[in-house]
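Q: What follows is each chain in one-letter form.
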Amino acid sequence: MNDEPILQVKNLSKTYIRGKIPVHALSDVSFNVNKGEFLSIIGPSGSGKSTFLSMIGLLDKPTKGSIFIEGAEVTKASESEAPRIRREKIGFVFQHFNLIPTLSALENVDIAMRFARVAKNKRKERAIELLTQMGLSDRMKHKPSELSGGEQQRVAIARSMANYPVIILADEPTGEVDTKTRNMIVDLLKGLSEKGQTILVVTHDMAVAERTSRMITMRDGKIESDRRL
Amino acid sequence: MFDLIIKNITQRKLRTALTVFGIALGIFAVIVMGGMSEHFNITFERSISLTADKIRVLPEGGFFGSNLNESKAREVKRVPGVSDAYGLLQAPLDPESLGFFGGDVIIGIPPEKQASLIKDTKLTEGRFLVTGDSYKAVLGSSVAREFNLKTGDEIEIKSKTVQRAASITHTRNFTIVGILEYTGSFFDNGVMIPLDRAQKFYDRGDTVSFILAVPEPDTDSDDLAKRIELNVEKVKTFSPSALRKQIEQSLVVFSLITVSAAILAAIIGGLSVMNTMLMSVSERTKEFGLMKALGAETKDILFMTMGEAALMGILGGIFGIIGGGALVYYLNEYLATQGTVLFSITPRLLFIAIAFATLLGMISGTYPAYRAARMSPMEALRYE
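Top to bottom, those sequences are chains P and S. This note's numbering numbers the first residue of the first sequence as 168 and each following residue consecutively. This note's numbering numbers the first residue of the second sequence as 1438 and each following residue consecutively.
Just so you know, the hints here were simulated from the structure itself, not pulled from any lab data. All C-beta atoms, glycine included, are put in the ideal place defined by N, C-alpha and C. Keep in mind that a hint or two might mislead.
So the derived list for chain S, only partly shown, Cβ under 10 Å to chain P, looks like this [stated by the list, open to error]:
no.	residue
1	D1440
2	L1441
3	K1444
4	N1445
5	Q1448
6	R1721
7	K1723
8	G1726
9	L1727
10	K1729
11	A1730
12	A1733
13	E1734
14	T1735
15	P1814
16	M1815
With the rest of the complex left out, here is chain S (with noise of 0.2 Å):
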């Protein structure tokens, strides 16, 4: 039967062309979307991964909120359960962008605890920051790549302060001392220099960010959590898990959002396929009936029609995913020399893209095909 499916479909080689055209533009667009948000999930994964450890303190108000006084990085090491406690300043390379997305960002960190914070993380090259160190920064894998530097050179980094209507630009050079290897985590977007410049620099006093607590072994993270909030005044806090199922909210949002504007292209897509049976169907309104005359099943027949309907939602879905796969790769490629990787085309994305192909022509083809099938040979041949 597969030499007719294929003699049927490039019987109309501009139909077919067209109609394997839209299906393809459907899963490019499931390639492209999908690989964006399977390059968040991933990234985000591995930076959780990174941290997973650690308690997130942040003073009352949330990230934006008040201040924090670096003092409460030792009310929160005094809290039982607690075996370290440091404070972090985070703020954005350029301070004209805000940094949400593949943006870098300065990280100040008291030295010593720098292997606290990444972990596992080896250096491609140079050391970790020490204590006493001045001005000299640590940079991540793609921020070093983005601006092509090595240890030994020297990297600009702005501060922006508001002082009154007017904001005042500084600027300060830092000297790399050394450069992270991948980790496909946030920390390839950072600049990590010590505590005490980064609150100078950044005219922060004796403020941080957030603060970080690493509970002792066998120690709940979530119990440690709520501790922390009930001994230390003013300051809110989230565990490993309710900060994973945060991030994992805001997640899904977006992965709503770009699988949903994929679907809808791929639908249209579909809607092409099911447009081009029914013509095809009732073209052929004869044949079929003719061939029920011959003495078709009409399994025979749906076998027939939804076949050549898969069959191009097949070859759309391949041409969709060449298409969606070089556009990403030349994206990625041109991207990665700006610093950041937008797209990961992971087997999962390939095999939904495929199989999502392969039943939406089949969906489409499931009518056209019962119509095809239901002919009566009578009608059929009287058809002139």
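The shape of chain P in the complex, shown without the other chains (with noise of 0.2 Å):
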């Protein structure tokens, strides 16, 4: 049995110049995440949240300090290995959603499986698998603008995870839909993750947050708190 964390992140630091003002949007920040946690990050806008996932996603690199995702320091990767990371590790979903407006949702799911280069069968096999599994059976042929917005938000996390990620990262995602939606997504996801899946949420909706199993408030960039619920 490996007891290794699956996110180690380790004295992670993220200062911007603004101006000629330099922010420090994340000093010294250090965590580790388990297989199969439910973690969510919360905290004020400005808490430096946004830049941790970021930074994490492979999507923007820290000033100081390194992230490890399997053992791996992802911080080290360079430009052109980013990607494979991105596709095998790493799962998105975002706040908005971001489908590609042409594609119907079962190519949405299956371009995620593209770029790692699965094969086309295989790709059309999973992609209607998630998408059933997140109750989409019927709709897979919609386009995005014939889609509510949980529906959407659906479409993006069985995309987050056709490359089976490590971990899921999702960014504010239930900001963009109602109260019932919310309950719905975050009842999906709870679901995903009692299977075994980590994924970390990014939100400031406590009503999210309550309901993970993890907590990590944030406040000028550090943390405040860290609690099991």
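Now that you have both chains on their own, put them together as the hints suggest.
A: Right, here's the structure in full:
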């Protein structure tokens, strides 16, 4: 049994220069995440939670410190290695869903696997499986514009899972949906975590954070509290 | 990826159609202009190969210079290494036209030398000129088709002489005794008549337009051409290689003019691809950023965007070739009834056109693709 945490964050700092004034978005943040954890990071805007998420997702580079996913230091990954890590280890869920408007639900899930060079028949099989799991089996041929917000976010979650990621990073996944849909999406994520999927949610919605298994509160670029629920 | 490329360019039908049309127009120009240039190249190539073994002897001032007396032919023939020499008289069939490109020409020739002039060219009907023929003519295939003439028919030939301020036009009917097969050379537009009748009819006395000298076998024609110039007074010679060089030079200029006009048109088409792609890339900023976040590599995005541009180029190329080919076909059909053909679409030209269209699309797509691939996923996703 491998007891090594799936995600390790060590002394992570990020300083922006805004104008001439340095802004410490993150200062010396460290924590570990184990497999199957359903973790939420909360905090007011400007607390550094989104910056943090971008760095785990290799969308941004830290000023200091490092991040390890499955023991490998991803913060050292070069520009050319980053895409492979993104598609093999990480699944993204965004606040604005970010589906490609010209593609159907099925094709939106399919495209994530294309970049991973998955064979065509396997891609289709997996996409159908995931969309069915998300309760969208009758919406697969629909374009994003023909889907409700909740449906779009479910397509996005299906997409994030396509390549069996080590961790799903969700940035305000319920930011643009109503309460009922929010509950459904949280149920869905919780269900996935119960099946062993590691999920990290960044939110400012306490109702979402309270339903996760662990809540990290951030303030001024530092961890204020880290508690298990 | 190809399905995505096709999906993307069919997403905005009008824009794609306009862009493809832009390229198609450029390639249309390449085909039409290039076809014309190719045709001249082929015609000159065939004409030269028919007369490749002979040295041209012109009066000192060149083709339009002073008159060349027929007696010079005997002098040329006496130069060691010359096996035969004879004068030819050349005049436009229609005295009103200068007859440079595609115009029909009268060729006055000593009847017994006709076989030497046209080498292996055969007759489709009738006979060649023979010694003692008077107002008889052998027609090139294009002339025969243009005026719809057959052996036994008569052709009306006009001459124009200027006396003081007035010009007098003479007309004379020549009986057609033979028609040459199609050669693809300028002989197709020739009307061959006996030299003595031509001199009399055109009032040229004993003069000829130029003399052809046939070298003996195994004689270097360049050396011989120089020897003729040294031995015969007041003449200028063109060996086959010098003639080829001169014609090639003028063809290069002609090709340059036509081809650069066509390339200009095609580049404008290329700019339209670039414009379309830039627009489409900036519209899809977020999409490319998302693809990168999903793990797309730079080369995936380059492939996709360049593929879109190249596909528009290829489509434009195909439509341009179809359009240009159709125009050239109908124009040639029409021109054939007028006795000339102006265009040749060669496999080489088709290859150039399609390769050019694809390349143009890709090159014009390079910068927009680079912009798309450079998109940071962070920036792109924040872009709302």
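Q: None of the hints should be skipped; say for each whether it holds.
A: The hints, checked one at a time:
{"no.": "1", "hint": "D1440", "result": "holds (9 Å)"}
{"no.": "2", "hint": "L1441", "result": "holds (8 Å)"}
{"no.": "3", "hint": "K1444", "result": "holds (6 Å)"}
{"no.": "4", "hint": "N1445", "result": "holds (7 Å)"}
{"no.": "5", "hint": "Q1448", "result": "holds (5 Å)"}
{"no.": "6", "hint": "R1721", "result": "holds (9 Å)"}
{"no.": "7", "hint": "K1723", "result": "holds (7 Å)"}
{"no.": "8", "hint": "G1726", "result": "holds (9 Å)"}
{"no.": "9", "hint": "L1727", "result": "holds (5 Å)"}
{"no.": "10", "hint": "K1729", "result": "holds (7 Å)"}
{"no.": "11", "hint": "A1730", "result": "holds (5 Å)"}
{"no.": "12", "hint": "A1733", "result": "holds (5 Å)"}
{"no.": "13", "hint": "E1734", "result": "holds (5 Å)"}
{"no.": "14", "hint": "T1735", "result": "holds (8 Å)"}
{"no.": "15", "hint": "P1814", "result": "holds (5 Å)"}
{"no.": "16", "hint": "M1815", "result": "holds (5 Å)"}
Hint compliance for this structure: every hint is met.
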